[in-house]
Each structure stands twice: as C-alpha cells, then as structure tokens.
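Colleague: Just so you know, the protein sequences line up as chains A and B, in that order. So for the first sequence, our numbering puts the first residue at 1; every next one is plus one. So for the second sequence, our numbering puts the first residue at 1; every next one is plus one.
Derived by calculation from the structure, the hints in this document are not laboratory data. As the structure is a prediction and not an experimental result, all values here were calculated from the model. Just so it is clear, CB atoms sit at the ideal spot from N, CA and C, and this is done for glycine as well. One or more of the hints may lead you astray.
[What the hints assert, rightly or not] Computed list of lysine-lysine pairs in PhoX-like fashion (alpha-carbon distance at most 20 angstroms, straight line):
{"no.": "1", "chain 1": "B", "residue 1": "K273", "chain 2": "B", "residue 2": "K143"}
{"no.": "2", "chain 1": "B", "residue 1": "K271", "chain 2": "B", "residue 2": "K118"}
{"no.": "3", "chain 1": "B", "residue 1": "K242", "chain 2": "A", "residue 2": "K44"}
{"no.": "4", "chain 1": "B", "residue 1": "K271", "chain 2": "A", "residue 2": "K49"}
{"no.": "5", "chain 1": "B", "residue 1": "K143", "chain 2": "B", "residue 2": "K118"}
{"no.": "6", "chain 1": "B", "residue 1": "K271", "chain 2": "B", "residue 2": "K306"}
{"no.": "7", "chain 1": "A", "residue 1": "K44", "chain 2": "B", "residue 2": "K118"}
{"no.": "8", "chain 1": "B", "residue 1": "K306", "chain 2": "A", "residue 2": "K44"}
[Stated by the list, open to error] Derived list of chain B stretches under chain A, where covered just means 3 residues or more per stretch with a C-beta under 8 angstroms from a C-beta of chain A:
{"no.": "9", "region": "288-295"}
{"no.": "10", "region": "333-339"}
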Amino acid sequence: MIIIIMLFIASIIAALGLSFLFVSVLLERSNSYGSNIESTPSMKRFTVKDVNQQKL
Amino acid sequence: MAKNCPGCGAPMEYDPGFDSLVCQSCGNIIDPKSLPDADDFYLNYGSEEPVDLKDMVDEDSWSGEMYDCHIYTCSQCGGEVIVSGTEVSTRCIYCGSTAVVFNRIAREHRPDYIVPFKITKEEALENVREKLLSGFFVPRFFKKAEPSVVRGIYIPYFLYEGSYQDTQRFLAGETPYIYDCECEFEDLPVEACKALADRTSAMLEPYYLNEKVEFDTSYLMGFYSNVQDLEPRVAAGGANIKARAFFDREVMNQLPKSYFRKMRRVTSVPKSKLSRSSYALLPAWFITINRENTPYTFLVNGQTGKVVGTVPWNRFLIGAMIALSFIVLTLLSTVIFFKSGLVADVFGLNEEFSYRAGHKLSSSVDSAQIYASIGILGGALGILSVGFAKFKKVLDNLNLSRSIVTFIFSKKRQGDAK
Numbered sequence: 001m002i003i004i005i006m007l008f009i010a011s012i013i014a015a016l017g018l019s020f021l022f023v024s025v026l027l028e029r030s031n032s033y034g035s036n037i038e039s040t041p042s043m044k045r046f047t048v049k050d051v052n053q054q055k056l
Numbered sequence: 001m002a003k004n005c006p007g008c009g010a011p012m013e014y015d016p017g018f019d020s021l022v023c024q025s026c027g028n029i030i031d032p033k034s035l036p037d038a039d040d041f042y043l044n045y046g047s048e049e050p051v052d053l054k055d056m057v058d059e060d061s062w063s064g065e066m067y068d069c070h071i072y073t074c075s076q077c078g079g080e081v082i083v084s085g086t087e088v089s090t091r092c093i094y095c096g097s098t099a100v101v102f103n104r105i106a107r108e109h110r111p112d113y114i115v116p117f118k119i120t121k122e123e124a125l126e127n128v129r130e131k132l133l134s135g136f137f138v139p140r141f142f143k144k145a146e147p148s149v150v151r152g153i154y155i156p157y158f159l160y161e162g163s164y165q166d167t168q169r170f171l172a173g174e175t176p177y178i179y180d181c182e183c184e185f186e187d188l189p190v191e192a193c194k195a196l197a198d199r200t201s202a203m204l205e206p207y208y209l210n211e212k213v214e215f216d217t218s219y220l221m222g223f224y225s226n227v228q229d230l231e232p233r234v235a236a237g238g239a240n241i242k243a244r245a246f247f248d249r250e251v252m253n254q255l256p257k258s259y260f261r262k263m264r265r266v267t268s269v270p271k272s273k274l275s276r277s278s279y280a281l282l283p284a285w286f287i288t289i290n291r292e293n294t295p296y297t298f299l300v301n302g303q304t305g306k307v308v309g310t311v312p313w314n315r316f317l318i319g320a321m322i323a324l325s326f327i328v329l330t331l332l333s334t335v336i337f338f339k340s341g342l343v344a345d346v347f348g349l350n351e352e353f354s355y356r357a358g359h360k361l362s363s364s365v366d367s368a369q370i371y372a373s374i375g376i377l378g379g380a381l382g383i384l385s386v387g388f389a390k391f392k393k394v395l396d397n398l399n400l401s402r403s404i405v406t407f408i409f410s411k412k413r414q415g416d417a418k
C-alpha cells in the first residue's frame with residue numbers, strides 16, 4: 001500500500017516539476033531574445049586528421 | 001565636428017538605408033567617400049586641441065568623485081560639449097548638431113575598419129516590436145509602449161587573427177578516437193570597451209566582418225561611438241577563450257556525424273597563436289523602454305537586425321499557466337496510474353508474496369517497498385529540481401534588460417537621439 005501512496009505523491013511532485021519546466025521553456029521563447037552566443041571569425045584553413053585512421 | 005552639406009551648409013547624417021550622408025535640411029545625398037577625410041577636416045577647421053580639465057582646474061578645490069572628460073566646441077553653434085573620456089562622437093547638447101570628435105580618433109586610436117549600419121532605426125524598432133508582439137508572456141504594457149530612447153552606437157572591437165592547433169582524444173563508449181586538428185582564422189572580434197557588459201555585447205554577435213570597410217568618419221555622422229578603453233592584454237584573454245570555443249565547435253562539426261552523439265572529449269592539448277590584427281567599430285542600436293522608472297534596454301545588431309534582450313513576464317499569466325499545467329499533468333498521471341493497472345499489480349504482488357512466503361517474507365517486501373518508494377520519490381524530486389533550476393535560470397536572464405551597465409552605456413551619451 002505504501003508504494004501506491006508514494007507513487008502517487010511522486011507523480012504529483014514530478015507533475016509540478018514538469019509544469020515549471022514547460023512554462024520555463026515557453027517563457028524563454030516568449031520573453032528572451034538573442035541568447036545564443038556565437039563568434040564567427042573568417043576561416044582560412046581547417047584540417048582534422050584521424051591519427052589512427054580507425055578506432056584503436 | 002560635423003560634416004556639412006555642400007548645398008545648404010546644414011549638418012549631414014549617415015543614413016544606412018542610402019549608405020550615404022543625407023542632409024537633414026535639404027535632403028541632399030552624398031557619397032561619404034567624396035568628402036574630405038578626417039585629417040583634412042582637422043586641418044581645414046584648425047580646431048583647438050581638446051582641453052584637459054587637469055590643466056584648467058585645481059584638483060584640490062574639488063571634492064567628491066572625479067572623472068576625466070574633455071570639452072569640445074560645437075562647430076555649428078559654438079556651444080561647448082562635454083564628452084566623457086571614451087567618447088569619439090556625440091551630438092551637441094545645445095543645437096543637436098552631429099559633432100564628431102575626429103581628432104581623438106586620428107591621434108589616439110583611429111579604427112582600421114568600420115561595419116556601417118545596415119539596419120535603419122525604423123527597421124530596428126520594427127524588429128523589437130515584432131518580438132514583443134509575438135511574446136505570449138510579454139505584459140501588455142510592452143506591446144504598446146513607445147521607446148523613450150533610441151541610439152545608434154558603434155562599439156569598438158579588436159579583431160584577432162591566428163592559428164589554433166590541438167590533439168583531441170574522444171571516447172565513444174570504451175573506444176578511443178584521436179584527432180589532430182589545426183586551423184587558421186582571422187577577424188575574431190573581441191570587445192574593446194569596458195563600458196558595456198561582455199555578455200551583452202557577445203550576444204549581439206555574429207557580425208559578418210567580410211562586409212567591413214576602411215574607417216571613415218562619415219559613417220559616424222548621426223551616431224554615437226566609443227573608442228577602445230580596454231587594455232589589449234586583457235582583451236587577449238577574451239580572444240583566447242573565444243578562439244577555444246570556436247575551435248572546439250568547429251572540431252565537433254567536422255567529426256563524422258555517426259560518431260557525434262556517442263563521443264565525448266576526454267583530452268585536449270591546445271596550442272594557440274593569436275595576434276591583434278586590427279581595430280574596428282561595429283554597429284548596434286540601443287532601444288530603451290521605461291516602465292515605472294525602470295529602463296529596459298534592447299540591443300539590435302546594426303548589421304543583421306538580431307534582437308538581444310529580455311522583457312519582464314506577466315506574473316498572473318505565468319502563475320495561471322503553471323497552475324493549469326500542474327492540474328492537467330496531475331490529472332493525467334492519476335488517470336494513467338489507475339488505468340494502467342499498476343494499482344492492481346501492486347496489490348497482486350503483495351498477495352503473491354504473502355501467499356508464497358508467509359509473514360516473514362511479507363516484512364522483507366515492506367522494506368523493498370520502502371526502498372522503491374524512496375527511489376521513485378528521489379526521481380520525482382530530481383524532476384522538480386530540474387524544473388525549478390530552469391525557471392530560475394530564465395528569470396535570471398531578465399536581469400540582462402535591467403542591466404544598469406547597458407542602460408548607462410546608452411544613456412550617458414549626450415543629446416536626444418530619438
């Protein structure tokens with residue numbers, strides 16, 4: 001019986017957490033602009049070499 | 001010092017829409033490059049050196065906090081304009097004339113490049129208005145509000161060039177991958193002005209610096225600007241951090257996409273070589289809305305139109321939304337809880353255990369139930385803390401618009417630019 005009560009309490013707590021999460025995401029999209037920070041220098045050269053050519 | 005219309009003699013302003021100087025009196029449009037450059041102006045007008053207050057005032061006779069400033073004479077009305085130590089252009093507070101203090105640029109730190117404003121004041125206002133109107137939680141006040149201050153400001157940046165080399169070791173599960181990465185880049189912008197919070201200016205990026213042009217004072221007409229007041233060695237630290245973030249991002253983009261999700265970087269041995277290549281002015285609009293004596297400043301990238309800022313939230317709407325989603329989710333979980341047969345399963349489990357093992361085992365099931373309950377409750381509390389943390393983070397971002405640093409940066413320029 002105790003597990004049922006605890007599960008129910010847990011579901012209510014989780015519901016509260018999800019509500020805050022859901023509203024936070026909506027609020028961020030609605031009221032906050034330009035939060036992505038991105039620097040874009042001009043690239044002259046870029047090389048990536050796989051040292052072992054395959055997984056070691 | 002203003003650049004005057006050759007036709008009527010009135011001061012001219014740079015208009016991003018025309019990419020030209022436009023006379024505010026007769027509407028004459030002139031290519032900035034057709035006018036004499038800053039040095040010619042300086043020689044032609046024969047302006048006096050800026051007056052240093054230290055030479056004029058006995059410092060001992062002053063009390064309280066002091067600051068460095070210079071006095072310039074307006075070339076239109078002869079009025080004296082007080083300019084703070086980092087200003088290079090301003091409007092005359094008496095006649096509103098655009099007065100460019102070009103001699104500070106020419107003799108101290110003349111920028112190498114400038115990215116002229118491409119976004120007009122109207123476009124910047126429209127971009128901000130669109131954002132505010134589309135925001136569900138934006139208070140009605142902001143949807144109708146008219147900005148109290150709108151200023152076009154050139155922000156000084158150092159541009160860095162250099163190379164970055166790194167051997168990075170990744171783990172995909174237990175499997176290691178090692179990559180040698182190297183890049184060369186130029187035009188990495190780092191803010192060179194102490195007056196504006198780094199975070200705010202960083203959010204204005206990206207600027208597309210392939211559109212930069214040789215500096216010409218004509219582009220400053222009608223706008224405000226600051227000169228560099230950050231030590232290059234301090235800016236170099238910021239350049240290193242930016243270069244590292246940029247490099248790491250690019251490395252991740254270059255890795256095979258199939259590995260991307262699984263990989264995590266475990267070792268990095270970076271070697272960098274950075275050098276300051278030039279000094280440039282980049283454009284931004286500062287739009288301030290006052291609400292109950294609290295300023296909310298939005299920044300708009302003067303080249304791309306990107307809007308940066310945060311508005312307060314409608315508290316009633318947020319509260320109602322949290323309550324509504326909580327009720328819906330609780331009802332949903334309750335229905336799922338009962339409909340899924342979980343209750344019956346638990347009862348069944350108890351009965352089965354009781355049937356098979358009698359009273360002794362029944363007590364051990366009780367402790368298992370307690371452990372399971374604690375685990376489940378812990379998980380639920382985890383979700384709750386994630387929700388609270390996210391909510392707090394979003395609320396903290398609200399401080400950006402209330403940032404007194406941003407507001408003062410915009411407000412302290414003389415004259416009314418609206």
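Colleague: Looking back at the hints listed earlier, which ones does the structure fail to meet?
Modeller: When the structure is compared with the hints, numbers 1, 2, 5, 6, 7, 8 and 9 turn out to be violated.
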